[in-house]
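Enquirer: We have chain A; now place chain B onto it with these hints.
Quick mapping for you: the protein sequence lines, in order, are chains A and B.
Numbering of the first sequence is given in the numbering used here, commencing with residue 1 and proceeding in unit increments.
Numbering of the second sequence is given in the numbering used here, commencing with residue 1 and proceeding in unit increments.
These are calculated hints, taken from the structure and not from any lab test.
A few of these clues could be false.
Put simply, identical chains are the same to the list, so a pair is met inside one copy or across any two.
[Said to hold, decoys possible] Straight-line C-alpha distance at most 25 Å; calculated DSS-like pairs for lysine-lysine:
no., residue 1, residue 2
1, K20, K140
2, K146, K87
3, K249, K176
4, K70, K118
5, K200, K87
6, K249, K225
7, K31, K88
Protein chains: 2
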Amino acid sequence: MVLLEEIYDSHIHSEGRSQKELTEMVKAGIKFANSCAFYPVQPRFAETLIDLFRKLEEFETERGKRVGMKITPALGIHPRCIPQNWKKALDFLEENPPRIFGEVGLEEGGSLEVDVLKSQLSLAKKLDVPCIIHTPRKNKVEMTQKILEILAELSFPENLAVIDHVSMETVSEILKRGYHAGLTVEEGKLSEKDVLDILKKYGAERLMINSDTGFTSLEYLSTSKTVSFLIERDVEREDVIRVACKNAKEFFRVRC
Amino acid sequence: MVLLEEIYDSHIHSEGRSQKELTEMVKAGIKFANSCAFYPVQPRFAETLIDLFRKLEEFETERGKRVGMKITPALGIHPRCIPQNWKKALDFLEENPPRIFGEVGLEEGGSLEVDVLKSQLSLAKKLDVPCIIHTPRKNKVEMTQKILEILAELSFPENLAVIDHVSMETVSEILKRGYHAGLTVEEGKLSEKDVLDILKKYGAERLMINSDTGFTSLEYLSTSKTVSFLIERDVEREDVIRVACKNAKEFFRVRC
Chain A
1 MVLLEEIYDS
11 HIHSEGRSQK
21 ELTEMVKAGI
31 KFANSCAFYP
41 VQPRFAETLI
51 DLFRKLEEFE
61 TERGKRVGMK
71 ITPALGIHPR
81 CIPQNWKKAL
91 DFLEENPPRI
101 FGEVGLEEGG
111 SLEVDVLKSQ
121 LSLAKKLDVP
131 CIIHTPRKNK
141 VEMTQKILEI
151 LAELSFPENL
161 AVIDHVSMET
171 VSEILKRGYH
181 AGLTVEEGKL
191 SEKDVLDILK
201 KYGAERLMIN
211 SDTGFTSLEY
221 LSTSKTVSFL
231 IERDVEREDV
241 IRVACKNAKE
251 FFRVRC
Chain B
1 MVLLEEIYDS
11 HIHSEGRSQK
21 ELTEMVKAGI
31 KFANSCAFYP
41 VQPRFAETLI
51 DLFRKLEEFE
61 TERGKRVGMK
71 ITPALGIHPR
81 CIPQNWKKAL
91 DFLEENPPRI
101 FGEVGLEEGG
111 SLEVDVLKSQ
121 LSLAKKLDVP
131 CIIHTPRKNK
141 VEMTQKILEI
151 LAELSFPENL
161 AVIDHVSMET
171 VSEILKRGYH
181 AGLTVEEGKL
191 SEKDVLDILK
201 KYGAERLMIN
211 SDTGFTSLEY
221 LSTSKTVSFL
231 IERDVEREDV
241 IRVACKNAKE
251 FFRVRC
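Same shape as in the complex, but just chain A (with noise of 0.2 Å):
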């Protein structure tokens, strides 16, 4: 049973999933999906992740599109993907501005990959572009520390900032930041009762759900279940509907 009309997943791999999957999906009620850049093997060049970008511009939209899912391509260099050449895939972000930048953040934390992170926020800050930003299982706490010194240091706006797979004790600083908190469901990372946890502690105002679902996770399903968990616990409406699609369809600047 859908028990919300509409429901934005802010953060799969849609390519990881069939179109049979994505059908399922959208019965279930997760009309809306980013879906994220990241390529499953470190890839070698740059040109690798410009033709990325145009499959999930170009295809996985149209992916999208046949079983009714409106899906938003996430572009960028993830910090587990970082090419040698990784500038060219930089200039052609420049070139061809994304709707969102995404995934990027910070894996080890080491000097490339701040570099690699600092060249695409400092773009997205640019372009006006909303940013979905990584943080790692390993280290959580200190590599989203220094994900907001970055943010600091280059005056990020805030409402261009989600920092997403927050756990419990990361949640709090980036919401007190100003930032967006992405709350994702999944073995490992948050259980349906931390989102209702997390939900109650701050508010509904600038958390999303999502599932991170795609090349090897099972539950694509997380955030209609994380829906229907959160109602059957006498959420307001309201709250729900706003962790679960209003949040992520203002943040995203995406209409339908």
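Expert: The following block gives chain B in isolation, referenced to the frame of chain A:
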């Protein structure tokens, strides 16, 4: 119910199927598959193909392992995926010989396509590597004829070529020339009944079935369904084993 212990789907694009669906394929008996190189938008760069080859070799085979499917990558330049600097991809294949070339072939049959096909076939002959040769939906008879002429011109070894997506019109000539024929069971290609008819008319010796499942096709279990259909129609078990597994295992030199 699995009616055959082992099925070999000789032509898929595993990238387009989720891990969940690969698991379902294994449960339906499909424990072997060739994952053919294809890029769903025409790549601008050979570099994209090189990283795609690495993705198939490293990531897709690993995804297969996780669910119990032996995935053999087929690497090559598809006639719809020819970048300007395609020779760089060919050089990569010469330096890193694949276990299978594929899918190569003709789509519209222009001179660039013919050049790319001949270069790859020459390399495959030199390296003694089996080839999966694509024939298109449109002008299938004409394009198949053109491919057969190219194979003859190159004195291409019969035991290295499977001509794929054959039709009722093309299969006879292909088998007469000594090549293997790939029977793709999918809407718009062959039906289960077509496979039965071909098998009865020509014998099982050089036939192999596949689904061509991938980025858009929904029919990822069609080889398993075809096996059930053939067994229900009282085809000899030895013949079903040949077209569903044994021929492909021998042709592609896959052991397990």
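Enquirer: Looking back at the hints listed earlier, which ones does the structure fail to meet?
Expert: 1, 4, 5 and 7
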